[in-house]
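Chain by chain, the residues run as shown.
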Amino acid sequence: MGYFLEGLRQALKLLFPPSRELLEIVGLSLLVSGSATALAAVFAAPLGLFLALVEFRGRRFLIGLLQTAMAVPAVLIGLVVYILVSRRGLLGFLGLLFTPGAMILAQALLAFPLIAALTLAALKDKARDGRDLAYALGASRGRMLLTILRQGRFAFLAAMVAGFSRVLGETGMTLMVGGNIKGATRVMTTAISLETMKGNFEIGLALGLVLLVVALLVNVVLQWGQGK
Amino acid sequence: MRIEAQGIGKKAGGHILLRGVTLDFPAGGVSVIIGPNGAGKTTLLKILGMLDKPSAGRMIYDGRPAHGLPARDKTALRRRMGFIFQHPLLLNGTVLGNMRHALSLRKRPFEAERVEEALGAVGLAGKKDLDVRVLSGGEKQRLQLARALLLEPEVLLADEPTSNLDPLSARTIEDQLAALARAGRTIILTTHNIIQARLLGSRLFFLDNGEIVQSGTPGQVLQNPATLDVAHFASITNVLNGQLVRTGEDASLEVGGAMIHVVSALAPGPVAAVLRPEDILLSREPFHSSARNVLTGRVEAVSDLGMFVLVQIRCGEMSLRAAITRSSLQELGLRPGETVVLTFKASAVLVFPVD
Numbered sequence: 622m623g624y625f626l627e628g629l630r631q632a633l634k635l636l637f638p639p640s641r642e643l644l645e646i647v648g649l650s651l652l653v654s655g656s657a658t659a660l661a662a663v664f665a666a667p668l669g670l671f672l673a674l675v676e677f678r679g680r681r682f683l684i685g686l687l688q689t690a691m692a693v694p695a696v697l698i699g700l701v702v703y704i705l706v707s708r709r710g711l712l713g714f715l716g717l718l719f720t721p722g723a724m725i726l727a728q729a730l731l732a733f734p735l736i737a738a739l740t741l742a743a744l745k746d747k748a749r750d751g752r753d754l755a756y757a758l759g760a761s762r763g764r765m766l767l768t769i770l771r772q773g774r775f776a777f778l779a780a781m782v783a784g785f786s787r788v789l790g791e792t793g794m795t796l797m798v799g800g801n802i803k804g805a806t807r808v809m810t811t812a813i814s815l816e817t818m819k820g821n822f823e824i825g826l827a828l829g830l831v832l833l834v835v836a837l838l839v840n841v842v843l844q845w846g847q848g849k
Numbered sequence: 528m529r530i531e532a533q534g535i536g537k538k539a540g541g542h543i544l545l546r547g548v549t550l551d552f553p554a555g556g557v558s559v560i561i562g563p564n565g566a567g568k569t570t571l572l573k574i575l576g577m578l579d580k581p582s583a584g585r586m587i588y589d590g591r592p593a594h595g596l597p598a599r600d601k602t603a604l605r606r607r608m609g610f611i612f613q614h615p616l617l618l619n620g621t622v623l624g625n626m627r628h629a630l631s632l633r634k635r636p637f638e639a640e641r642v643e644e645a646l647g648a649v650g651l652a653g654k655k656d657l658d659v660r661v662l663s664g665g666e667k668q669r670l671q672l673a674r675a676l677l678l679e680p681e682v683l684l685a686d687e688p689t690s691n692l693d694p695l696s697a698r699t700i701e702d703q704l705a706a707l708a709r710a711g712r713t714i715i716l717t718t719h720n721i722i723q724a725r726l727l728g729s730r731l732f733f734l735d736n737g738e739i740v741q742s743g744t745p746g747q748v749l750q751n752p753a754t755l756d757v758a759h760f761a762s763i764t765n766v767l768n769g770q771l772v773r774t775g776e777d778a779s780l781e782v783g784g785a786m787i788h789v790v791s792a793l794a795p796g797p798v799a800a801v802l803r804p805e806d807i808l809l810s811r812e813p814f815h816s817s818a819r820n821v822l823t824g825r826v827e828a829v830s831d832l833g834m835f836v837l838v839q840i841r842c843g844e845m846s847l848r849a850a851i852t853r854s855s856l857q858e859l860g861l862r863p864g865e866t867v868v869l870t871f872k873a874s875a876v877l878v879f880p881v882d
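The listed protein sequences derive, respectively, from chains A and B. All residue numbers for the first sequence refer to my numbering, where the first residue is 622 and numbers rise by one. All residue numbers for the second sequence refer to my numbering, where the first residue is 528 and numbers rise by one.
To be clear, the hints were calculated from the coordinates, so they are not data collected in a lab. Quick caveat: nothing in here was measured; it's all calculated off a predicted structure. There could be a bad hint or two in this list.
[As the list claims (entries may be wrong)] Here are some chain B residues the structure puts well away from chain A; computed CB gaps all over 10 Å:
| id | residue |
| --- | --- |
| 1 | Gly556 |
| 2 | Thr570 |
| 3 | Leu616 |
| 4 | Leu618 |
| 5 | Thr823 |
[What the hints assert, rightly or not] Result set (DSS-like, lysine-lysine): computed pairs, CA atoms no more than 25 Å apart in a straight line:
| id | chain 1 | residue 1 | chain 2 | residue 2 |
| --- | --- | --- | --- | --- |
| 6 | B | Lys538 | A | Lys747 |
| 7 | B | Lys538 | B | Lys580 |
| 8 | B | Lys601 | A | Lys747 |
Ideal placement from N, C-alpha and C gives every residue a C-beta, glycine not left out.
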């Protein structure tokens, strides 16, 4: 226990004031996971909304597919993205391997089914009610979609927060396609993993604390949004 | 605006919700669609209001079919109608915000005076800055109505607007609907409240299991119910299950060992019959009357329902309910356990075939 407390003391020392390297790691983590969440949400949230609103042949199949996609292990997505962006891969010409770009792509793929399925689940009844209400009040199709967005903004926010939390804490896949290169692709989780293996528990603990604070902040925002 | 439904059918999730519903709502008046829960009332009203699409048949507004209209024209048609949902649908935000947003969705300017007036008409003038989440169920429903009033629709579609409401909110809504009708607006209302249908309705349509089974004025429908289900809705009633027996020109109903004279053209066999409590006369002694049915029974219970008194009487294996005024009760001095004479006309017994 004393050993742990000593590590914690050292960790706090690293955080106040934080080193430049630490700030870069935290910054890159937020940038990569934030961009990945945004990229996934741009496609996933409309898909979730579409599935909630429109009855069509094959809808159930598509929902089943989404749910299956949620169960795909991250490491498999990592492998696929690795093959895609490696020099001989389909996207090899972009030179993305071991860059933040590859990490964003992989994390976006991981977040996509989660955000789509959560949006669908949260909006299932709300979207139809919102459509009925907007149309009854005389809204055009565009204003109808805006009304649903407005009525269900918490549902969208919650789905995105869940997606963000998932990718921010992801390690193995991010390590595979990013490479954990110091100053280039090192993020909080890959750094914790590396430093722990090297026996530098205090750096791991410091980054762990930052991860906790980020998770806390995100949920505070979510609670605030819910209250609004 | 005149609304016509021609052979409307609706299927959803493998269930048939509506089958071949044909209705004509000329401009003006209050049309009431009545029927049991699950009859398809909400589905039909949403199709009439262009909030849902029929799977079969077509909707016609002012002589123009709605099917295949460009989105802009559909929006224009919807803007001539107002809708009140059974479970109030409100926009997030305040009471005033809802009014403001509703106007903006129809691209109409915000006029504080008219908003005040609409809120005042439903008794919400003092609540305009409240968040809609803190409103009671009755207040939410009244806000929906205020929002609809503000938009001045030619046709107002109201889906069971008073179900599960406190009497005061229900009364406010009924009064406002009646006022709108007097002002020449068209109102299409669904309900399972027969008193509301009688109070407000100029035309009554009985919807059962996705089909219109009877239509007419409320008086016509309720006096001559076409089916047992309609009769059930018509009032508190006595339902007798028995055998129809014919002797020459005469028809009688054999029920629980007793024979009741009826007027019916049905073939002999099992039937169900309906006898309204208000069609039964009670007396201490038999009296001379043209009514052919005279039974003797024992009073089981006496319930004062305010407007009238319901007396439960056992006649052999039958239990019948008779409605009398409070003053008749005092005159007769009926108490449970006492003997009473029931008199009713053969024509008061409505006989229906059973499936």
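Now the hints, each set against the structure:
No Cβ of chain A approaches the Cβ of glycine 556/B within 10 Å, the least distance being about 21 Å, so the stated non-interface status holds. Annotated as non-interface, threonine 570/B keeps its C-beta farther than 10 Å from every C-beta of chain A; the closest such distance is 12 Å. With a least CB separation of 4 Å from chain A, leucine 616/B falls inside the 10 Å interface cut-off, contrary to its annotation. Under the 10 Å C-beta cut-off, the non-interface status given to leucine 618/B relative to chain A is violated; the minimum distance is some 7 Å.
Every CB of chain A is more than 10 Å from the CB of threonine 823/B (nearest about 57 Å), matching its label as outside the interface. Restraint check for lysine 538/B and lysine 747/A: the C-alpha separation of about 22 Å stays at or below 25 Å, so the hint holds. Our distance criterion of 25 Å between C-alpha atoms is met by lysine 538/B and lysine 580/B, whose separation comes to about 10 Å. Only pairs whose Cα atoms come within 25 Å are accepted, and lysine 601/B paired with lysine 747/A is accepted, the gap being roughly 23 Å.
In this structure, the hints that do not hold are numbers 3 and 4, in rising order.
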